[in-house]
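Guided by the hints, dock chain B onto chain A, whose structure is given.
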Amino acid sequence: MSTTTPRTLAEPAPPEAPEHRPPRRRPPVRWQRVLGWAALVVILLITLFPFYWMLRTAFSDNRALAAQADNLLPADFTLDAFRRVFGLTTLEESLAQGGAGGRIDFWLYLRNSVVVATSITVGQVFFSAMAAFAFARLHWRGRDTVFAVFLSALMVPGIFTAIPNFVLMKELGLLNTFPALVLPTFFMTPFAVFFVRQFLLGVPRELEEAAMLDGAGHARVFLRIMLPMASAPITTLAVLTYIAAWNEYFWPLLVGQSEDVRVLTVALGIFRSQTPQGSPDWSGLMAATLVAALPIVLLFVALGKRIVSSIGFTGIK
Amino acid sequence: MTVATPPAPPGTDRRRPPPRPRRRGDLGAAVLFLVPATIGFVVFYLVPAVRGAWFSLTDYAVLAPGSFVGLENYRRLAADPQFWNAMGVTAYYVVINIVVQTLLAIALAVLLQRMTRSILVRGIALLPYFVANVVVALVWYFMLDYQIGVVNVLLGYVGVDAQAFFGDPALAIPTIALINVWRHLGYTALLLFAGLQTISPQVYEAAAIDGASAWRQFRSITLPLLRPVLALVLVVTVTGSFQVFDTVAVTTGGGPVDATRVVYLYIYDLAFAQLDFGYASAISVVLFVVLLVVAIVQLRLLRANESDNA
Chain A
1 MSTTTPRTLA
11 EPAPPEAPEH
21 RPPRRRPPVR
31 WQRVLGWAAL
41 VVILLITLFP
51 FYWMLRTAFS
61 DNRALAAQAD
71 NLLPADFTLD
81 AFRRVFGLTT
91 LEESLAQGGA
101 GGRIDFWLYL
111 RNSVVVATSI
121 TVGQVFFSAM
131 AAFAFARLHW
141 RGRDTVFAVF
151 LSALMVPGIF
161 TAIPNFVLMK
171 ELGLLNTFPA
181 LVLPTFFMTP
191 FAVFFVRQFL
201 LGVPRELEEA
211 AMLDGAGHAR
221 VFLRIMLPMA
231 SAPITTLAVL
241 TYIAAWNEYF
251 WPLLVGQSED
261 VRVLTVALGI
271 FRSQTPQGSP
281 DWSGLMAATL
291 VAALPIVLLF
301 VALGKRIVSS
311 IGFTGIK
Chain B
1 MTVATPPAPP
11 GTDRRRPPPR
21 PRRRGDLGAA
31 VLFLVPATIG
41 FVVFYLVPAV
51 RGAWFSLTDY
61 AVLAPGSFVG
71 LENYRRLAAD
81 PQFWNAMGVT
91 AYYVVINIVV
101 QTLLAIALAV
111 LLQRMTRSIL
121 VRGIALLPYF
131 VANVVVALVW
141 YFMLDYQIGV
151 VNVLLGYVGV
161 DAQAFFGDPA
171 LAIPTIALIN
181 VWRHLGYTAL
191 LLFAGLQTIS
201 PQVYEAAAID
211 GASAWRQFRS
221 ITLPLLRPVL
231 ALVLVVTVTG
241 SFQVFDTVAV
251 TTGGGPVDAT
261 RVVYLYIYDL
271 AFAQLDFGYA
281 SAISVVLFVV
291 LLVVAIVQLR
301 LLRANESDNA
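Residue numbers (the numbering used here), protein chains in the order written: chain A, 1 to 317; chain B, 1 to 310.
Here chain B stands alone, though its shape is the one from the complex:
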């Protein structure tokens, strides 16, 4: 998901237009203007969501019409070691990806703010985010190749043995997590950078006059004031991170021995390789619920800290 701000319109900063003097509403015009978007919303979001929930209660398999099986799919997944493996692998990925990415992004955002106003520097940092996951995955797949990957060549120079980054079950998930850190770092940093811009320079000046060190200013000013933005950034990045698929699909394809079979990939295999649509839908319902709960918990934490920025 992209988060971006349209530039402020010229002339005014009014939040919404005042009520119009006329009595008559614009319902008729509104309906006309909303026809295409509503078609798109109903046909490709609303109905599929309801249908997906329904599939999860059936043994639908595309070729044969499914029949209602109640909560059977959910019972099955609770006892499915593959499902729990997929959830575990995904959680492991999310933790590495989010922790490393967030720490680096905070550091980069602060660096950008202190060092330079250059659009070029920010543009370079942002560049990887706009290249397809598949492209990023393949370039790193080559660079990390066991035989001729340039990273292993460099490791050889400093006396480290070549690593099978994608072939070693212990390394595969961290490797994929770090590749996606590379892709998202600049974007995440720029979101935080935008948050930093809202902190008044006077606060820093006052702290500097009081003799606060740079580290002290970061701990006592930057972090607390950035926390609401940070929480929103985390909601967006965590939600996206749980849905990792492209990178895994074109590099390891789930291997070695299911070490990278993330939940998205598991659902994909169930649905489109085994045509088990009912069961696949049940797992995607669970994923949806997990994402909602994680987002709500994160937003709660944000709300609790809102007074920081009051």
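The shape of chain A in the complex, shown without the other chains:
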């Protein structure tokens, strides 16, 4: 990975030379476009269908699912699945509705996911931005070497450090606490540092120098000039970090099984394993996955444009 100038996607096509070609050349073979669109539509349908099916099943009566397996609408529309998932039913009611009967409270897991993802995002983005400032705008010996060492952590598979990190959390007595869930990604990730540094490298020198002439120190330059200027990429990074933290399964599974810190992904895994083999609580399971997916889908709908344009490699060679 290197440091070519970042580029945005979706650039407008360069203006065409007007002279040499007939105006508005029609696409020579129309059926190719038709086929192309057909393929695209099929792909988009396959992409969207599982989301719809999750929604449809979450609003279904679990006992009616088997008889209406091919019903495109909810089978006997009901909110019972959500009641079970949020722990609003008694054990008897739950069993009568075709639920698993295990104790579940997705409000609590939702809260835990919000706490964990928010803490990780705030810490990681701010501290990584500080580090990125030191790597991009300050001048000191060994800077690029230290940066390369930081980046090398990108290559390490998660499980390699997860085992010792688990042992560390155990030694510190932090198992099944929020700090255990948050700390490993609270201070930095190599990607976050890389991402912000990439932007800060291109900020014009003049702004900084003007501020320095006015007597501003590095902290002031960072807080008053760099952070505001980098607010767009930092927002993108924050969204990506939040989503990654929200979706993480492996680390919370290791250190956050107990109910008061259990996040949604772990709760889903437990819900799935509790569900009896013969007659699973499918509608409850789909309601639970909906609870886990919906905040991210909404976030994506709200900020999707920015995220979509940010996907791309940062230059090659």
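It should be emphasised that the hints constitute simulated quantities derived from the structure, not laboratory data.
Every residue gets a Cβ at the ideal spot worked out from N, C-alpha and C, and that includes glycine.
Be aware that one or more of the hints could be misleading.
[As the list claims (entries may be wrong)] Quick look at which bits of chain B chain A covers, simulated, 3 or more residues with Cβ under 8 Å: (1) 78-92; (2) 235-247.
[Stated by the list, open to error] Listed next, the in silico SDA-like pairs over lysine to any residue satisfying Cα-Cα at most 20 Å (straight line): (3) Lys-170/A <-> Ile-39/B; (4) Lys-170/A <-> Ser-258/A; (5) Lys-170/A <-> Arg-51/B; (6) Lys-305/A <-> Ile-124/B; (7) Lys-305/A <-> Val-121/B; (8) Lys-170/A <-> Val-50/B.
[Stated by the list, open to error] On the chain B side, residues computed to face chain A include the following (Cβ under 8 Å): (9) Ala-29; (10) Ile-39; (11) Pro-48; (12) Val-62; (13) Leu-63; (14) Tyr-146; (15) Gln-147; (16) Ile-148; (17) Val-150; (18) Val-153.
Frame of chain A; chain B shown alone:
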């Protein structure tokens, strides 16, 4: 791992600031700015990496302090059929996952480039990537259920018998591989799409004037010019693919009869079910080395082809 590009800052495209006129370095300030990130790096990356390598040379088991056993764990894994099964299953998964995903992603990227500039279309394609693995796995687990899964219902309409997608050892790994293709397809396609955007339209126009067909243009222009980006995409996706865990853990849990016991899951079971931390660490060291070698080989191939894009 996410790969994304921050938007270009306004005003300049300078790569790095010119050396500042002042003599004095900013070492003091740099140290202060780096304190939190360095704590995070040292405590949660560097020390654990060293410690993990050390564990792999001991019989550490959390409850009892481990003692040094030299290369015993590595000797053990070389003779462990479960380990080789896990590596084989993982390799099988990676091959199916990467081949299908890459071919489809190239097709989708080209389609996106030729058909539409719509952000909405690209957003929809990207959506599955931002939903948790666990969610994706469970939704497909339901849709592929033997009894009432909608996919089996549809298969029934066209006269195909219901399939036990997760219960049949021959189908389980391909099924899980394809579920993850569904999740990563749009993301991979958008990375390639970004690469396609860098190919100058004039090249295509020249080819069109020479009467090259769409397929010919794809073979002779798109693929060669895309190859460096493709290689980087492959490094990222292959590395991620080797680390498959979530999908397997919440669907088959390794079964039927170890048919889906991928290496991540095997390490997880060794460490956290059997508390055999030393041995689990040795396997994760091997996994790390395998990933490094695979990445280096891929980057070598990229370098060899760099002249394509010169």
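Index of numbered hints that the structure contradicts, given in increasing order: 1, 13, 14
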